[in-house]
Amino acid sequence: MRVLLLGILCATAGLGFAASPSWQGFGFDGSGFTKGGASGVIQVRDGYLPVPGKSVVREDQLPEATGAMAVFCFQQRSGGKLRPQGGASPMAGMLVTITGDSMTVAGRTDASGYLVLALPPGSYDVRLAGVTKKWVVDKQKTALVALRGGKRMGD
Amino acid sequence: MDISLLLRTVLLSLLLPALASAAALDDYYLSQFNKQSKLNKTLSAVVGVETVQAERCRTPLYRSLKRDWSSLEPATRQVLGKYVARPVLSGQLSDTSAPTYNSAGGHFTIHYTRTLPDAPDLTDADSDGVPDWVERVAAVFDQVYATEVTSMGYRPPPVTRYDIYLLDLTGDSAYGFTTDDGAPSGSNLSVVSYIEIDKAFTDPMFTVNGRYTSDQMLQVTAAHEFHHAIQFGYNYYFEFWYAEVTSTWMEDEVYDSVNQLYSYLPKYVPVAGSVSLNGPLGNNSEYGRWIFNRSLVEGHSGAVVRSAWEKLGTLSPGSSPTTSTGDIQMTPVLDTVIANSYGSTLSADFFGFARRIYARDWTSHTGEVSQIPAHANTGSYSSYPVTAASLPAPSVTLPRYTFVFHKFVPTASVPTLNIWVTKTSGMQSAVFKKSGGAVSEVAANVGGTSYTVSGFGGMSSVNDEVVLLIANTTNVDNHQANFSTDGSGGVVQDPVTAAAGGGGGGCFIATAAYGSYLHPKVAQLRSFRDRYLMTNAPGRLFVSLYYRVSPPIARVIAGHEWMKGGVRLVLLPLVLAVQHPAEALLLILMLAVVAGWRLARRQRFVVEESL
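For the protein sequence lines, the chains are A and B, in the order given. Just so we're aligned: 71 in numbering that gives the first Met the number 0 is position 72 of the first sequence, and the numbers increase by one with no gaps anywhere. Just so we're aligned: 166 in numbering that gives the first Met the number 0 is position 167 of the second sequence, and the numbers increase by one with no gaps anywhere.
It is possible that some hints are incorrect.
Pair ranges (Cβ atoms, derived) [as the list claims (entries may be wrong)]:
hint : chain 1 : residue 1 : chain 2 : residue 2 : range
1    : B       : Thr365    : A       : Gly35     : 48 to 54 Å
2    : A       : Lys140    : B       : Ala443    : 56 to 62 Å
3    : B       : Asp125    : A       : Gly31     : 40 to 46 Å
4    : B       : Pro265    : A       : Gly99     : 50 to 56 Å
5    : B       : Ser184    : A       : Gly35     : 30 to 36 Å
6    : A       : Gly35     : B       : His364    : 43 to 49 Å
7    : A       : Gly31     : B       : Ser343    : 33 to 39 Å
8    : A       : Gly99     : B       : Ala375    : 53 to 59 Å
Derived pair list, reagent style SDA-like, types lysine to any residue, alpha-carbon separation capped at 20 Å [as the list claims (entries may be wrong)]:
hint : chain 1 : residue 1 : chain 2 : residue 2
9    : A       : Lys132    : B       : Thr322
10   : B       : Lys563    : B       : His579
11   : A       : Lys132    : B       : Leu586
12   : A       : Lys132    : B       : Gly538
13   : A       : Lys133    : B       : Leu575
14   : A       : Lys34     : B       : Lys266
15   : B       : Lys266    : B       : Lys433
16   : A       : Lys132    : B       : Ser323
17   : A       : Lys132    : B       : Thr324
18   : B       : Lys433    : B       : Thr410
19   : A       : Lys132    : B       : Lys266
20   : A       : Lys34     : B       : Ser323
21   : A       : Lys53     : A       : Asp109
22   : A       : Lys132    : B       : Gly317
23   : A       : Lys138    : A       : Asp109
24   : A       : Lys133    : B       : Ser184
25   : A       : Lys140    : A       : Ala128
Bear in mind the hints are in silico, worked out from the structure with no lab data behind them. In this text, all values refer to a predicted model and were calculated from it rather than measured experimentally. Ideal Cβ placement from N, Cα and C applies to all residues, glycine included.
Extracted from the complex, chain A is given alone in its bound form (with noise of 0.2 Å):
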């Protein structure tokens, strides 16, 4: 009986580890995060605070009773007659306003175009320049939310 039950809770253990969730890269194609997108990269895990770039420098969990938000500033780029010029470029140091029911918080975005941040479950309007977003923040959870700062006409 004690080899079965040692063998369940081994089998839990290992089903436990296989299933534990492990950081996933996303990138954003210009209009949305896609896995393993090309540029506007960051590592995504349940738990824990994103981190902006193709690998994970830090693990920072998120606090408890919080989700993450990770706001993306970009510049549009399109055309390219000899060559195509489209894509979105990162923008960074631009202010980012976020409203919950009963908070505002502002930052900048940093070097990456990220703005990433802990808060409390709930809905929020996520504000560049003149563009608000409407996004809801998950217990956990990450919220990854685009927003276009300017456009680039190539050719």
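With chain A's structure known, arrange chain B on it following the hints.
For chain B alone, kept in the frame of chain A given last:
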């Protein structure tokens, strides 16, 4: 722990700038712009340092670079100078330190440098202290301004003197860029921008190996980019495809003799069956789509394009259908302008455009018609009858705003060719007969579903042809059509998806009743559909049924002015309910209570009477 304190702590910790050294900051920007720092270069030779993949093409990071500019090493500034928000030309310390020259017309300031690589040809034949090429650039932009603003009536960009920067763009493989100075933050959607163009246009890449002169490429680039500046001035939220269509079309309106824009037509005309007029940018097809504007202008007048931009200048994303990135969809704008000012529809004009692509009956720039590629046939039939078993299958499903051609090769065994077409509501068809080099359109038979081409058997199987044009003239993908020469056409089904383009569409009956897709009440109904109907299964089922039933009804309403008022009256309760949902719910509850009370009272009487 107090939640606000927690939030402040988290926020501050995340927003603290990285404690990086100046060298690290330099390395970061150099790597982002695909430039290698000296340190990185040395290390990579020894240990193979992982290189950071640069963003596709040129990756500005303009604003951050400008912010951190003073912290960078001089050598880094030299390398990255041109990437700062407003360009810092080579040999300059800031975007405002370069020499400038104001155009004689007073509308432009040309920024240039005397230091390579951004320095233009510094020859100063008239010894006035300004390089001749800089003066030429200023003169060309003045000329562009005179045509686009003074003659054609477009609104100039919202700035007294517009800034033009000359810099070396060979590394970017770009003729030029037009960039806004920042998205609008208030209700004024007109934004200032600036233009960067190559310093010389002498590279064979720009002149297409000498086919065009540098001056010609300067001319068409100026005409193209300055119209983007005008577009930013009308409304920041313009849609990209129509911006490129108009800017490219404008090249030939300002400099008719250069004709470089015709080189983009093979990227669109032969593939117009798969590339939507208002589809995403790609493979340079957006530049080839300029030909639609020419068709539009020939059908109406030169003012139709300007009117569309002026109309866009009155709209905001909050009250208009938008794309996934928040830009205002242009096809509804075009449709409104064409309907209100020219008594037509975008649907009819797009079909006319497709007709013109086959018939080649262009009425302007007639000396250049030979440079417009011929249509491409999707299928060609020489075995008759053409039935569902024929190859290629006589059946098409088309994306929004696309068209295809199918050819019927004459044969003596078929004296008279009959073509039956079965199509969904968004499809239009036409049949052309080309005989002895002359093209004529074959009228549809009564009922509009078949065509009879007499004399087919006597036509040359080599030089003559009959061509069937089928076009999806709506903003909805996946309209279907099939055809046969024996009347054995199959079944087609209207697409049930909402309109493509990001913002939904197609409140057909309401649009017909209110006269415009952009009417605020139609927008409210669309919003109601997207928020409350498309988010649940019963709602989606209702929308699906509505899309199947409503297009023919809408067409009848649109064609009878007297019906519109009545339909608006019928729609009024629905519109009011959408506008005031709480009151509507209360009213419904009250009506239900009254109805229940009356029913109960009636039943009581019945019971009393039976007693």
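Legend entry - Earlier hints that do not hold, by number: Numbers 3, 10, 11, 12, 13, 14, 15, 19, 23 and 25, in rising order.
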